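Novice: Residue strings, one per chain:
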Amino acid sequence: MKNTILLVEDDQMLAEMYQEKLNLEDYKVMIAENGVEAIKLADKQPDLILLDIMMPEMNGFEVLKKVKENMKTKNIPVIVLTNLGSESADKDKDLAMSLGAESYLVKSYHTPDEVITKVKSILDK
Amino acid sequence: MNYVEEKLSTFDSFPKLILDHQNNIIFLNAPARAVLDLPATIKHGDKFKKQLIGNLAARDIFNFMESAKKDNQAYCHELTISESTYSVLIQPFGETPSFKGVSASLVDISSIRQKETENALLYQIASTMSSPLPIEAISKKLLLEIVELMGLSGGSIMLVDNLHGHLYVETATDHVSALKILDLGEGVAGWVAKTGQPLAIPHTKLEKRYRFAKEEIDHSLLAVPLINKGEILGVLNLWKQAGEYFSEQQTQTFTIVASRIADVLHMKNLNEIAQKRLELGEILNSSLELEPALSRAIHKVSDILNNAKCSIHLFDQSNHLVGFVSSHHPIKEFQQFEQHISEDSLKKIFSVKNSSFLSLDEWRDETWSKKLSHHLGHDISISGLISRDRIFGILSIHSPKVKLSKEKRNLICEISSQLALAIENGQLYDKSRQEVEILDSIQKTTDQGIMLFDHHKRISYINQSAIKLLRIKKSVVGLKVDDFINDFSNYSRISQPILALAEMIKRNQKINGTVNCDLRADRNMVKHLVIDIKHLPTTSRQHPNILVTIDDVTDLYELQEKVSERLKQITKLFKITSLRARESKETIARIVDQIPDLLQAETAMFFTKDAESEFTTISEGKKCQKCRNLLEKLNQKELNGELPRKKEKYLFYPQDKISLALDEEFLPPDLDNFIYYPVVIDWEYQGSLVVGNHNNGKNFTQEDGHLLAIIAKQIAAILENSRLLDEVGLEKERLSAIIRHSADGMMIVNDSGKIVSWNKAMEKLTGFHNEEVIGEDVNSLIRLKSNNMPFSSLIRKASESKRLGNISEVEIQTKSGESKWLDIHYAKGAAKSKSGGFNELVVLFNDVSRYKELEIQKNEFISMTAHELRTPLTAIKGYLSMIIGGDAGPLNEKQEKYFSRSYKSTERLVSLVEDLLNLLRIEEKRMVFNIQRAEINQIAKDVILDLTQKAKQKDINLTSVNLKEDKYMVAADPDRTKQILGNLIDNAIKYTPRGGKVTVKLINQPERKRIAIEVKDNGVGISSEQVESIFNKFHRADNPLSRQAGGYGLGLFITKSLVEQQGGEIWVKSEPGKGSTFTFSLPWSII
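Here the protein sequences line up with chains W and V, keeping their order. Those letters in the first sequence? Residues 710 to 834, by our numbering. Those letters in the second sequence? Residues 119 to 1205, by our numbering.
Chain W extracted, bound-state conformation (with noise of 0.2 angstroms):
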């Protein structure tokens, strides 16, 4: 069975990427522009979400928050994909993990190979 992600993602350009390498990969992917749709989608009960934080609207981390407090999507694993912070040691980083972050990957630092990889991870544990 194919696994669903939903990606948070308001930049176009990166969306269509990742959406295109998930598909190369067999995933189902749903999209979404801004933390508020975002929200509504988790309720469809993703395997996995993928989440931006620098969106219009609503930010990543209010997603996060939202996704975590509700009884029903609080089980999605998050991985949080973004261009904020460092993935050393830094308070945008440790703000995530606290929220309930699986992971935190700056966007640039990695290839979508190598995200996809954490993805696969994520999911087989």
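Derived from the structure by calculation, the hints contain no laboratory data. It is possible that some hints are incorrect.
[Claimed, not checked] Capping the alpha-carbon separation at 25 angstroms, the derived lysine-lysine pairs in DSS-like fashion look like this:
1. Lys827(W) x Lys524(V)
2. Lys1134(V) x Lys800(W)
3. Lys827(W) x Lys903(V)
4. Lys976(V) x Lys827(W)
5. Lys800(W) x Lys970(V)
6. Lys800(W) x Lys1043(V)
7. Lys903(V) x Lys800(W)
8. Lys777(W) x Lys711(W)
9. Lys1068(V) x Lys827(W)
10. Lys1134(V) x Lys1108(V)
11. Lys524(V) x Lys800(W)
12. Lys312(V) x Lys524(V)
None of these values were measured; they are calculated from a predicted model.
Starting from the structure of chain W, add chain V where the hints point.
Specialist: Relative to chain W, chain V alone:
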């Protein structure tokens, strides 16, 4: 029990009872118990009563004993007790009523009752014994009666001489025969005395044994021992015509007779001993000194013990022999005693044997006895002289051949106690007499007067010093206090102390008191006496009970007065030197005003130059025109250099008259003396101080000169201070003008954090005005916005290490709430306060808000740009990776090469953006460190693994030295540490040519509790000038490879920041062309 003792006891088998004067039992033997039927429980020392006698027929014995004691006469009665007839001999002993005892001895005469002659003999013996004749006479009388009554041809009584251990003839009807008997072989009598058995001769066995020649004895002989209570006192010898023999029956009869005689001898002995003991007591109680008394006593002791050789050894408490007396010429062994015996060892022996009497012979198997008898022989008995558990010495008795009976032993023990008591008392007496002598010599030689009064308040003693001190004219000893008071002028030249003393004695003040008396001895001399009265704790009314000591304390008193006078002067001086007035001239005037009082001078004057350098008097303690003229003259001389310079500076008149070289006309006629003191500052004459006296009788002393010198120095100091103050005032005005108009904010804070000074610029900076801040707390005025600590703490912390320093970019809030960025410069005042801090802190403020604003804008711009750059870069990098990864279909060789290069450049671009962001984080102090316990070995391994590929591509040998050895734990952020090490290794690879070598090594630094990580390459190296700036922002080493290697040079700056923010250090050593070694250290993990 040996053979002899066994035999002796059989001869002691006649019933016998002895009571002392209180009817306590002294002696009671088993036969007596049986005959009298006494209870089994009764024992020696118990009180004897008539009722105790169970056999009613025997109760009369007690009545006989009572009357014998009362009449002081011996009785002999016949009593029939239990079908046996006894001859009862009752005999008193002892001379005094308090030493009056009585003995009763019974002999069963049932078997010889019929024999009238023997009965008559026994009766005769009893009546003879009660006669008051001396023992020799009684013996003789007895012997004659026996010989006559029994029809014998002769007889003798021989007694044992304890001294020589042989027998001597006490009395005999025929002395020739008596001596013959004694001389036969070892002597028939000797054998009897030794064995205690009667002997009748001729006797076949004995004849053989002693080779008695029949012809040598022309009589037949019977020798019977005289035994009393086990002690052989002598032998009764009786002889008949040759051819007649003593029958068995006769032997038995004479044994009874002998026992009677022994009784008599014994009783007589007891009487004599009692008498001699009384004499011994007299000797010991005499007022003789101890040694002579003992020396006489030992002869008496010997006398009591039948002339036995006796000696006494005296020990002191350390067991040293301190005295030795002997009744006869000292036996040399006695004198070796001290080396072999000590009080302790004696005590031990006495206590082990549970007796203070020891016969060496009896204990001959014991070690101590062997040791002693080795030196003393076996014939010695020793008895401890013990009183109250202390052994004062021993009494040794030499008794060869004769064994000491139990009674003798008891006697010896009693004598020993008597001696010990006497010795103890004697020693105490000697000691107290010694003390008295010492006391006496002290009283004679001391300066202290001593008087003693007795219970009747009579003077019982007065020493020479007391006589001298109280000026006693004639003897006062024995005088009553009342008489002394009433007629004191008759006895002494002075009244006051005597009356005071007498009054105290008279009032019988129980408290120990002291009287201080001023005694006007002569017109010009006052004596001070301290009289001390003490009540002595005496019980006897003959002893003095009041001790008076008299001390002359005149010297002390005078010294005290001198000291207090000096103290007063010093107090005045202190007051003078602490005088202050607003103007220095006024201060000096006040000081000079006080000088006459201090030095008891009539005038004092200070003369100095005024503003026009004209000398004028600025103060005059007491007006004196003449002195003024004199001073002007001296001043002139001083200015002309005519006055000599002495070490003390001051000059006395008239002592220094010649030095002063004054014309007579200048000398005021009524000026007796004066002191002149020039005041000099830095070799420059400032004026002079003069004190003078007209004719008040006072002459100035050297001490007055010293005091004046102190005041003059004080005046000099005041003048100097006033000059300095003028200078400082000018300088201060200049400074305050600068401060007032400075564009920078400037304030001064004191030790307790209060504002002391606040300039115009500060008002502009903070919005607080000068008037509202002075004396206020600095923290309420300079309010820090971001920092947790208050301003005062911040600045104090900074100034702890540096006296001068600065703190940059501190954000504060002004009075109106506006935010301002300030650079702070501080300087600590030099004067240290009591608490160890600095009195004042000068703080300068630069307003850098404008620059800060610009910097924030710049940083925000860079941050935004960098973040904005990340997104397109992500897309470029992402798509390129997908293309290279074949997501868009297969690539040809060239396409792959070109896309790969594009990808690499994009990666570099990403890392440049990262560097920029890190730089901003560092500058804004936003970087977060997750410090934890981390294994540095593992971190290094990971980093090396990551970079191995890169090194290989450049053909560089990347190795580690000791990562697999000891594991080291550091307190660090593992990610940041990886970043640091990664940067250093990356740089090393970058700046090392192909085929080079990069080595990583861990170094433990236990003394600094750090781990150092060293990255060494053999690359291009860095020049020494560049080493200094290599960790600066935007630096890049200027070398041929630089351009080729590329980079902003942000790497090392970021690395250094990362190291330092984790509490580490980083440094580099390098030699151009040979390579570089970068080392950073991190603290040990202590978790």
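Novice: Compare the distance between the alpha carbons of Lys1134(V) and Lys1108(V) with 25 angstroms, and conclude whether the hinted pair is satisfied.
Specialist: OK: Lys1134(V) and Lys1108(V) at ~13 angstroms, within 25 angstroms.
Novice: Does the alpha-carbon distance linking Lys827(W) and Lys903(V) stay inside the 25 angstroms limit?
Specialist: 43 angstroms, violated
Novice: Take a quick look at whether Lys312(V) and Lys524(V) sit within 25 angstroms of each other, Cα to Cα.
Specialist: Cα-Cα ~17 angstroms, so holds.
Novice: Are Lys976(V) and Lys827(W) close enough, with their CA atoms no more than 25 angstroms apart?
Specialist: Not OK: Lys976(V) and Lys827(W) at ~36 angstroms, beyond 25 angstroms, violated.
Novice: What's the verdict on Lys800(W) and Lys1043(V), does the C-alpha distance respect the 25 angstroms limit or exceed it?
Specialist: Holds, because 12 angstroms separates the two Cα atoms, which is no more than 25 angstroms.
Novice: Has the given pair, Lys827(W) with Lys524(V), been kept, meaning a C-alpha gap of at most 25 angstroms?
Specialist: 120 angstroms, violated
Novice: Sort out whether Lys970(V) lies within 25 angstroms of Lys800(W), counting only the CA atoms.
Specialist: The given pair, whose Cα atoms are some 24 angstroms apart, holds under the 25 angstroms limit.
Novice: Lys1068(V) and Lys827(W) were given as a pair; does the straight-line alpha-carbon distance stay at or below 25 angstroms?
Specialist: 24 angstroms, holds
Novice: Decide if the proposed pair is consistent with the structure: Lys1134(V) and Lys800(W), CA atoms, cutoff 25 angstroms inclusive.
Specialist: Not satisfied, since the Cα-Cα distance of roughly 34 angstroms exceeds 25 angstroms.
Novice: Just to be careful, I want the Cα atoms of Lys524(V) and Lys800(W) compared with a cutoff of 25 angstroms; is the pair within it?
Specialist: 113 angstroms, violated
Novice: For the pair we were handed, Lys903(V) and Lys800(W), check the Cα-Cα distance against 25 angstroms.
Specialist: Within the cut-off at roughly 22 angstroms; holds.
Novice: Assess, step by step, whether the Cα of Lys777(W) is no farther than 25 angstroms from the Cα of Lys711(W), and give holds or violated.
Specialist: 23 angstroms, holds
In the structure shown, a violation is registered for the earlier hints numbered 1, 2, 3, 4 and 11, in ascending order.
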